[in-house]
Amino acid sequence: MSISTLSKPSRVVIGLSFGYHDSAACVLKDGMLLAAVQEERFSRVKNDKSFPRKSLRYCLSQAGVGLDQVDCIAYYEEPEKKLSRQIWMGSIDGADPVRRADVTKHLCAESPQQTIREVLGYQGPIEIVDHHLSHAASAYYFSGFDEAAVLTVDGVGEWATTSYSRGQGKDLTLFEEVSFPDSLGLFYSTITSFLGFKVNSGEYKVMGLAPYGKEIYVDKLRQLVEMGDKGQYRLNMRYFDFLRTSRMYSDALIELMGIAPRVPESDITQTHQDIAKSLQVVLEDILLQKVRYLHEQVPSKNLCMAGGVALNCVANGKILREGPFENLFVQPAAGDAGSALGAAAVAWVRRFDERPAQRDMLHAYLGPSYAADDIARTLQSTGVQFDDYRGRESELIQFTARELAKGKVIGWHQGRMEFGPRALGARSILADPRDAQMREKINALVKMREAFRPFAPAVMAEAAGSHFALSSPSPFMLQTCDVESLLDLPAITHVDNSARVQTVDAAVNPRFHALLAEFAQLTDCPILLNTSFNVRGEPVVCTPLDTIICFVRAKIDFLILEDFVIRQSDVPDMWQGRISSMPVVPRKKDARAIGHAVYTFF
Amino acid sequence: MSCNDSMKLLSDEIAAKVYREQQGDFVKLLRYSKLVNVDAAPQLPQPACENDGRIGVWTLDAKVDAFVRDSATSPDWLYWAQIPSIPATSKRKRILLLGESVTRGMLYDPAYTPAQVLEHILGGALGDGAPEVLDLARTNASMETVRQLAQQAEQLKPEVAVIFAGNNWSALSSYFNGEHTWALMDSLRREGIHGVRQKLEELFASDIEKLIDEVAELYAKRDVPVFWVIPEFNLKGWRDPEVYVHWLNSPGDNQLWLALRSEAEKKMEKGDFQGAATVCEQMLALDKGDCATTAYFLSVCYEALRRPDLQRHYLEMARDASIVDFTRTYSPRITTLVEKVLRSKAVEVGHQWVDLKQVFSLATGKEIADSEVFLDYCHMTSKGIRLSMGALGKQVLERVYNKSATLDELLENAPWPSDADEADANLLAAIHNAHWGQDYQTVRHYCDRAAEKSPEILELMGITAEIQCQRLPIWMNARAMDLLEKVSPQVRRHLFSLEVKCLDLLLLDAFSDCSAAYGVELASRLSELRLAEHSVEQIGKVDLLDPYYHSTSLSTRQFLENGVNQRNDFFKAYEPVSRFRFISQTDSDCMLSITLKSINTAPGVSAKLQINGELFAQLPLGDTWRTHEIRVPAGLLRSGFNRLEVAWPVPMLDAPRELDRIGRDIRDNAVPEIYPVFGHIYAFEARRANHASLTTIF
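Those protein sequence lines, which keep their order, are chains R and Y.
Using my numbering, you'd call the opening residue of the first sequence number 107 and step up by one each time.
Using my numbering, you'd call the opening residue of the second sequence number -8 and step up by one each time.
Check before you lean on any hint, since a few could be wrong.
Now the stretches of chain Y that chain R is said to cover, found in silico as 3 or more residues with beta-carbon under 8 Å [to be verified]: (1) 4 to 11; (2) 610 to 623.
Under the rule of at most 25 Å between Cα atoms (straight-line distance), these lysine-lysine pairs were calculated in the DSS-like manner [stated by the list, open to error]: (3) Y:201 to Y:148; (4) Y:84 to Y:54; (5) Y:201 to Y:212; (6) R:336 to Y:-1; (7) R:211 to Y:19; (8) R:211 to Y:8; (9) Y:477 to Y:492; (10) R:211 to Y:25; (11) Y:148 to Y:54; (12) Y:-1 to R:211; (13) Y:227 to Y:348.
Computed Cβ-Cβ distance ranges for the label pairs, DEER-style [as the list claims (entries may be wrong)]: (14) R:691 to Y:578: 41 to 47 Å; (15) R:691 to Y:80: 36 to 42 Å; (16) R:483 to Y:512: 23 to 29 Å; (17) R:691 to Y:16: 34 to 40 Å.
Please keep in mind that the hints were generated in silico from the structure rather than gathered at the bench.
The beta-carbon is built from N, C-alpha and C at its ideal position, and this holds for glycine as well.
Whenever a hint applies, use it, and build me the whole structure from the sequences.
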């Protein structure tokens, strides 16, 4: 018999986000970020806000540590400050009656520390990290910069909606903030809601709609935000109703815009596109102004950005091109899930008085992977026809590239899952970007989403400059740029000639790079259309089973599942029948994710 | 500074007070006293009249003057009679049959149902003047469902109403909802868990009476006679999970109870049932009948002492004790309280009742009914269905049609199911019993009954074994799906929608043994499957806390949605020994890794790890998590299943502190955990030695 109690050679910090939307967990072990994942990927509930039980277990397993070896758990938000805001929202004149009634519940609610201790039976240290500081840290500490200015913009954390920070070595200091209800994120979300899209998920669609429009509503939309000194601004609350009702916008805004709010799922008109465009212009202008202010305060070459608004890659591209900073790093998981990383990093600094050893993020492949041999065994037991390319990677790549070149749509499940909202060649749907019909085909048949939504390209890093106006690598698809290719790329070129590019480095994702290279060999095009592997309403796939279900449901031509190929034509009828009757959102589970027409604050 | 700006300062101050000084509890007290208005939110408008063209899943189609199934409710259809439409009017008189899964004839439905049997019986007695039976029973129907349906079904203008329900009513955790918080806390303070139970039963009885009053008022409008069929429970053939007593009132009581339990067990093993009964009476004095274990022990003693009356009494006590166990999941059941209230209230409002306890006892000649009339805890065999509907039919004929007939005469017209349907029902019963933790003899009994009726059922047993051994969803099993079109609707529904994936050791062993009796070899195939799908050597790592591995019974599964222990993300040991299994091929060493902690024990204690019955390791415990890695040599392992047992040290049983905690749970509107816990396990895995971290596919 050999028994050992695990001694504690490593330093381990866990970061958690939960309670509002996009629960996630991450682990820093000896300063290295070993794993990070969103709970929604396990629960299959989009934007799942529940305690990230499975995410945490995955992180511990990946790090090879037990819960007893955790030095500290960091939580991404300051509960007392948030409670204050919740109380205020229920106490002000004309407060929304539902919100007012909810104040008592919040006063009685369990604190996140109590939740952590209760759920995990954990009695160790818990570090509470301010929400905006968590966001800022998620960008700065993983940027690769020794020093930087940091801008965080979101809907709201506790009170802060926009914050300005200075990062220097291990120190990250938030020196100014804009407070709720003045919020650029809520400004954008309000118009998103006016345009008939869901808040917290529809903003991205509005950004994609903008290039179709003309900026003829800019003057009107500028009335919604009053610029202030330094980093400040104020919302003209006359046009916003989120303090008083469950609706984001007021009647005054409807009057100002001169049209009725768009009914969700109804046709999108030119007017809606023009509003989207104008909104984007106004947002970009404000952000640029504030970025210039930030540069005055922190005259660095480097800018880091985080917070939900930092997912606006069009704005990011403009900031990089026209702003005073030379370098830009945006946390790939810029939303609340990513703030788990930031909380962990801040806790690391507080605890060990040093910056985490992981100083940059070369990739976002931080989620679970599945061994080829296990997948083989499973596929064999189902009796489904599949091709086995174990030990024959180059043949697999050649096969896949050929099919892509023939115009097939490929489901691509490889290696560790991405952390953050973007698919980056681990859980991706791939297609030929040169095919003019491809965008419509994938939107309508595969993703079942709005026709105007553009798709993004992945390109071999070394070839990016020949096809896109990129001045630096873009591994995370977080900035847009102009398409400057001699190739005709209708499937990934947006109506304004822009694209949201992922540059793929051979050292970072060798298999995906090899596929791009092979496709280039066949077609002279080192670019592929890359969209996330999911259908509308569901999170990106995680496990091989999720992948198979999505592959069948979306009627993708081929599935490349690690070393194995399944053809849609080989999918058994019973799989088709069963999967077609399965709800996209699991019926039993409590879909506690936010997905309605108002930005909820609790 | 604006008014709202100054409010920010005030909000900060309130938040600081609540958060830093933990004044949230104080706010809760204000809520309970209603000094803080918690329901100020605008009330949603009440739904439209209940009788607005809807009856359950059917909705009125005026064009055809019938209630047709609403496609918007199609996920719900399986819970109801498979009737596409119900004419709004009929020339025949109509008997409304409302109820629960027992009324559906669950496991026979839709091939053979109580409604069909009743209609035949009445048809036989009345000929052309016989009424039609409107089958509006719904599996999983609650009290509220019954209330709503009674209202809605008025649109069909039934001449007689039969309500065969009461099994699904005893889910009392809903009373921990804020409205009764203070009363429950007060009861706890006065009399501990027994006080809480009494209060819950008081509230529950009141709700039952309210239901009956509403039903009475409804049917009094048209003078519709009402018959209540009071279900019976399979007292003889059903066993609830073993329970170690909840927190008792006084310091030392829990320790005493455990010691008495041990003493009683020893006496029973020696055959000294009188002595054991005496000890159990002392246990009873402590737990006041709120712990099923004591009651079960007493029932065993009195069975041995040939006192069927007392045996019955204590079996009912054991059944009823589940009312206060909010930790585990229990099968539906009638309870003494429900029976009493139903009977007395029915008499009060002039309704009739049929008590199946009496019906079965008279018909079978047995004091306590058993698997002769039951498929499981409450669902009936075809014999049970015939007897219950015969008794009901007899009453309806006498009271409504002034016609008398003996039960035997009526049963001559009561159909039997086909052999195939009988076989299916018994196979499903075997599976159902196994999934509720019943013993091998019980499960095997239903397997044998199934095979007797139709040896073709053995193929289904083989398929079930495959389905359960694979971690895949059933729809990925080609052989299973081929069979899907050939099986009965009830098998398709229950078996092919199996969401309970588990190792099913006992069930599959019963299938193997039953198959072997018919010359069908299943055991070796099963063994191969298990090794291929689950052996540590094959898959690398097994999470022993995965509900697939740690439990078969629905009552005790943790880490499952709606399973035991929703609050914590760690395994809680509610028994002194926690049992796990893994499968090995014994060709190499294996590593066990366990993260565990003790509950309130003295320092320096250990948990004992046993492997296949041998003490293998002592695991030092503390009150914080500790991870132990244990290398198990191949020589200690067995090919196939290996048993792991973690024997916990006895915790310091601090009842007053725990009762305080229970009080806080109630105050926080949380369903309280009333049982001592012996230990916690956060992680427990078995893996190949030298195996790296691996994630399971599904």
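Q: Against the structure, test the hints numbered earlier, and report the numbers of the ones violated in rising order.
A: none
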